[in-house]
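A.B. asks: Those protein sequence lines, which keep their order, are chains A and B.
Everything in the first sequence is counted per this note's numbering, starting at 1 for the first residue and increasing by one.
Everything in the second sequence is counted per this note's numbering, starting at 1 for the first residue and increasing by one.
I should point out that these hints are in silico values taken from the structure, not numbers from a laboratory.
None of the values given here were measured: they were computed from a predicted structure.
Each hint should be verified, as a subset may be incorrect.
[Unchecked claim] Derived BS3-like pairs: lysine-lysine, alpha-carbon spacing no greater than 30 Å straight-line: (1) Lys45/A - Lys12/B; (2) Lys112/B - Lys45/B; (3) Lys111/A - Lys12/A; (4) Lys112/A - Lys91/A; (5) Lys45/A - Lys13/A; (6) Lys36/B - Lys45/A; (7) Lys91/B - Lys12/A; (8) Lys33/B - Lys111/B; (9) Lys111/B - Lys13/A; (10) Lys13/A - Lys13/B; (11) Lys112/A - Lys45/A; (12) Lys12/B - Lys91/B; (13) Lys45/A - Lys91/A; (14) Lys111/A - Lys33/A; (15) Lys13/A - Lys91/A; (16) Lys12/A - Lys12/B; (17) Lys45/A - Lys33/A; (18) Lys13/B - Lys12/A; (19) Lys12/B - Lys45/B; (20) Lys91/B - Lys45/B; (21) Lys13/A - Lys36/A; (22) Lys45/B - Lys13/A.
[Unchecked claim] What follows is a list of derived Cβ distance ranges for each label pair: (23) Pro74/A - Val35/B: 24 to 34 Å; (24) Gln173/A - Glu163/B: 39 to 49 Å; (25) Gln165/A - Ser131/B: 28 to 38 Å.
Using N, Cα and C, we set each Cβ at its ideal position, and we do this for glycine too.
Number of protein chains: 2
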Amino acid sequence: MANTKKRPKIDKKNLIIRRMSTYLRTLDHLQNKGVKVISSADLEKIDGVTQSLVRRDFAEFGSFGVRGVGYHVPELREQIARILGSDRHWKVALIGAGGLGSVLMHSASFKKRNLEVVQIFDHAGASVGTSIEGIPVHDIANLEQELDASRIDLAIIAVPPPEVQGVIDRLSQLGVRGALYFASRPVRVPENMVVLNMDITVELGVLTYQLLES
Amino acid sequence: MANTKKRPKIDKKNLIIRRMSTYLRTLDHLQNKGVKVISSADLEKIDGVTQSLVRRDFAEFGSFGVRGVGYHVPELREQIARILGSDRHWKVALIGAGGLGSVLMHSASFKKRNLEVVQIFDHAGASVGTSIEGIPVHDIANLEQELDASRIDLAIIAVPPPEVQGVIDRLSQLGVRGALYFASRPVRVPENMVVLNMDITVELGVLTYQLLES
């Protein structure tokens with residue numbers, strides 16, 4: 001990224017996208033509860049953002065809702081899902097099938113965002129050779145031979161922290177374009193990839209700060 | 001929060017705190033690798049924020065670093081840890097000791113932020129009556145009798161999604177001031193609590209968006 005002047009704009013867009021993704025999970029929840037219509041005031045109460053911010057976020061992507069009525073939940077849900085790509089089908093390679101990988105495989109999260117795990121890799125000696133929910137587990141050592149990059153849209157990386165960078169670099173070589181990892185460390189992101197991180201230590205730092213301040 | 005005009009400022013502060021917490025985990029990593037001094041240009045490369053933003057974030061909390069030299073890693077690490085409260089000792093109740101709770105108990109994340117799990121609660125029939133890493137597991141049904149609120153600084157909630165709100169409300173009644181939960185749903189946050197959420201479906205929505213755009 002040569003043009004550093006563009007970064008603040010990209011950061012702002014990232015924040016909008018993260019809020020849109022938060023509204024989507026809230027709409028999932030409301031739809032499951034049978035709620036048909038909501039207002040931006042409701043979203044303010046539920047997601048802790050101001051009404052005007054909700055409206056500005058939506059305005060980035062077009063015209064949602066009906067003035068004086070609010071938003072139809074299923075319609076708004078569908079519009080945001082389309083923006084985020086959650087209406088498409090995403091094929092996933094799960095790298096690391098230990099404790100965390102196994103928790104993820106058995107949660108409803110992937111299904112909610114239309115992700116399907118189609119390949120699983122783990123370390124020899126662990127689950128390799130067995131299968132999880134009908135998907136055979138390959139040896140990470142054979143990633144280059146076994147990973148079918150033409151079928152894989154993104155990878156979920158749940159290997160021990162010291163191995164994350166190596167896995168990302170190998171996925172990049174194989175042409176996998178996206179990954180999410182959970183280790184508490186920064187990584188060098190290859191130019192041909194989008195890599196996101198969920199790090200509980202970052203969240204714990206925010207929580208303890210807010211407890212000191214409150 | 002009656003004064004809604006204050007919210008944007010609070011949001012901005014939250015973003016700064018989240019970045020500070022990200023710098024802290026990066027400094028942990030650099031310190032482990034034996035790195036002694038870094039510049040804001042290094043932090044730009046590692047954490048994907050601009051140098052000027054790094055400097056502005058630090059300026060919110062005082063004067064760090066030496067002009068023309070950069071930041072001494074152990075010193076900067078300590079300063080940020082103090083700001084976030086990660087230099088203090090935090091006593092934790094883990095609510096839910098199933099797959100995710102067990103992964104969390106065995107990860108290094110709590111230790112990194114000076115959190116010590118001192119009480120564990122789970123559903124009868126699961127691990128109740130046993131102990132995990134030497135800590136006896138109590139029945140969630142007996143939360144009111146068994147939770148020692150005077151000792152507990154915060155709770156980590158790893159129960160099934162439909163139970164999260166109930167647990168938060170009960171913790172609030174008991175006087176527990178902070179919690180982090182992982183379910184993919186919004187909650188009503190009691191006024192006497194700080195509640196944070198890590199939701200993989202939100203992150204997956206951001207990832208698929210960025211893959212469509214890239």
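A.B. asks: Determine for every hint whether it applies to the structure shown.
C.D. replies: So, going through the hints one by one against the coordinates:
1. Lys45/A - Lys12/B: 19 Å, holds
2. Lys112/B - Lys45/B: Given that 30 Å is the threshold and the Cα spacing comes to 23 Å, the pair holds.
3. Lys111/A - Lys12/A: 28 Å, holds
4. Lys112/A - Lys91/A: 13 Å, holds
5. Lys45/A - Lys13/A: 23 Å, holds
6. Lys36/B - Lys45/A: Roughly 46 Å between the alpha carbons, so the hint for lysine 36/B and lysine 45/A is violated.
7. Lys91/B - Lys12/A: Violated - the C-alpha atoms of lysine 12/A and lysine 91/B are around 36 Å apart, more than 30 Å.
8. Lys33/B - Lys111/B: 18 Å, holds
9. Lys111/B - Lys13/A: 34 Å, violated
10. Lys13/A - Lys13/B: OK: lysine 13/A and lysine 13/B at ~18 Å, within 30 Å.
11. Lys112/A - Lys45/A: Distance ~23 Å between lysine 112/A and lysine 45/A Cα, so the pair holds.
12. Lys12/B - Lys91/B: Holds: lysine 12/B and lysine 91/B sit about 28 Å apart, inside 30 Å.
13. Lys45/A - Lys91/A: 35 Å, violated
14. Lys111/A - Lys33/A: The hint holds at about 18 Å.
15. Lys13/A - Lys91/A: 25 Å, holds
16. Lys12/A - Lys12/B: Holds, because 12 Å separates the two Cα atoms, which is no more than 30 Å.
17. Lys45/A - Lys33/A: 17 Å, holds
18. Lys13/B - Lys12/A: This hinted pair holds, its Cα atoms lying about 15 Å apart.
19. Lys12/B - Lys45/B: 23 Å, holds
20. Lys91/B - Lys45/B: Status violated; Cα separation ~35 Å.
21. Lys13/A - Lys36/A: Status holds; Cα separation ~29 Å.
22. Lys45/B - Lys13/A: At roughly 20 Å apart (the allowed maximum being 30 Å), lysine 13/A and lysine 45/B satisfy the hint.
23. Pro74/A - Val35/B: 24 to 34 Å: The hinted range 24 to 34 Å is violated for proline 74/A and valine 35/B, with Cβ atoms some 51 Å apart.
24. Gln173/A - Glu163/B: 39 to 49 Å: 43 Å, holds
25. Gln165/A - Ser131/B: 28 to 38 Å: 36 Å, holds
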